[in-house]
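Undergrad: Sequence:
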Amino acid sequence: MRANEQAIVSLIGDAVSRARVASLLREITGSSCVCLTISEVRARLQAGSVHSVVIGSYDRDDCPTAPFVAEVRRSFPNVSIIAYWEAGRTPSSSMVSLLRAGAHQVIVHPHDDAQCAFRTALQDAQRANVAEHVVAAIADSVPAIGRPLMELYLRGADGAMPVTEAARQLGVHRKTLRNRMEAAGLPAPADLRAWCRLFMAGRLLEEAGRTVESVAHQLEFSTGSALRNLIKRRTGLAPYMLREAGGLPYLIACFNADCDRRRLAHGNGHAPTPERPVPLALVPTARVAESAPKGRSRSSRTAARTKAAGRPKTTTRPNRPR
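Counting along the sequence shown from 1, when you hit position 40 you're at 42 in our numbering, and nothing is skipped either side.
These are calculated hints, taken from the structure and not from any lab test. Quick reminder that beta carbons are idealized off the backbone N, C-alpha and C, glycines included. A hint or two may mislead.
What the hints assert, rightly or not - Pair by pair, the computed Cβ-Cβ distance ranges are:
{"hint": "1", "residue 1": "Lys234", "residue 2": "Pro93", "range": "51 to 59 Å"}
{"hint": "2", "residue 1": "Ala45", "residue 2": "Ala119", "range": "46 to 54 Å"}
{"hint": "3", "residue 1": "Ala162", "residue 2": "Ala45", "range": "52 to 60 Å"}
Claimed, not checked - With a straight-line Cα cutoff of 25 Å, these simulated DMTMM-like cross-link-like pairs (lysine to aspartate or glutamate) come out:
{"hint": "4", "residue 1": "Lys234", "residue 2": "Glu209"}
{"hint": "5", "residue 1": "Lys177", "residue 2": "Glu208"}
{"hint": "6", "residue 1": "Lys177", "residue 2": "Asp193"}
{"hint": "7", "residue 1": "Lys234", "residue 2": "Glu153"}
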């Protein structure tokens, strides 16, 4: 593992289970970072080298880990926590304690020890953690009537939930759902779905070491280009420019500006306020400067080329009358 690369750490008390989890992590990520005690995991967390923890009910010294899970959720909110429970060997109350303490996902042995199930559990835990951050970040930007739909899209398994299915889960007709969003000055449900996927992508791109391809794969975009095109279409920026502009906070500012324009267009809104700033520029200054010569007339561009070549400018003589 490179010095600036974050890892998945395991903390399992039983030696056999510890070796089993380490083997699965090597198959999935190519490396295995095994810790034996809570203090070892805490040291790695403080060093900033961990993005996920697979944790059992006890560490090697038989110390219960549920209080430590609660500590991680408070002090390291960006870290995903996956509880590992051995059905039949460990009482179910231990798993319940880990979930109540804040574990995002649970892996049950022997049912979820297959490589595919293990990988899915890791991805679901990371997605749930990111969704929590996005929901908290957009709380002040979304009217109460629109929050259930956005939370449904953010916490969903993927970004392809049809509007009809979302309306069914919310207990309303799809036309009613659309009318409610329009009345609140929000985009249509399908557009909200795209914004939610974009919020998730912006939050993930803030993390060091994340690539567009890895984020697109985790959020189930068809390709990395599909994610790039969505970012470009909504913000005018390339992914690396979005990261430099602030990631999720910049996307929320763009979303607020879009909602304000919709409210003004429908006559049920107000002009943007200092609390709801419109992004000053969706196109970088350097790119504007590059495209500036295209706005000049043809004659001025010809004169500039002539001057650069060192030739005198030619003028057309008027025809003399015969």
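Undergrad: Next, verify each hint and record whether it holds.
TA: How the hints compare with the structure:
Range check, Lys234 to Pro93: Cβ separation about 52 Å, and the 51 to 59 Å hint holds. Look at Ala45 against Ala119: about 30 Å separates their beta carbons, and that is not inside 46 to 54 Å. Taken as a hint, the range 52 to 60 Å is violated for the pair Ala162 and Ala45, whose Cβ atoms sit roughly 41 Å apart. Our distance criterion of 25 Å between C-alpha atoms is met by Lys234 and Glu209, whose separation comes to about 20 Å.
In summary, the hint linking Lys177 to Glu208 is not supported, as the alpha carbons are separated by about 36 Å, beyond the 25 Å threshold. For the given pair, Lys177 sits about 15 Å from Asp193 by alpha-carbon distance, which is consistent with the 25 Å threshold. About 24 Å separates the Cα atoms of Lys234 and Glu153, which keeps this hinted pair within 25 Å; it holds.
In summary, the numbered hints that this structure violates are 2, 3, 5.
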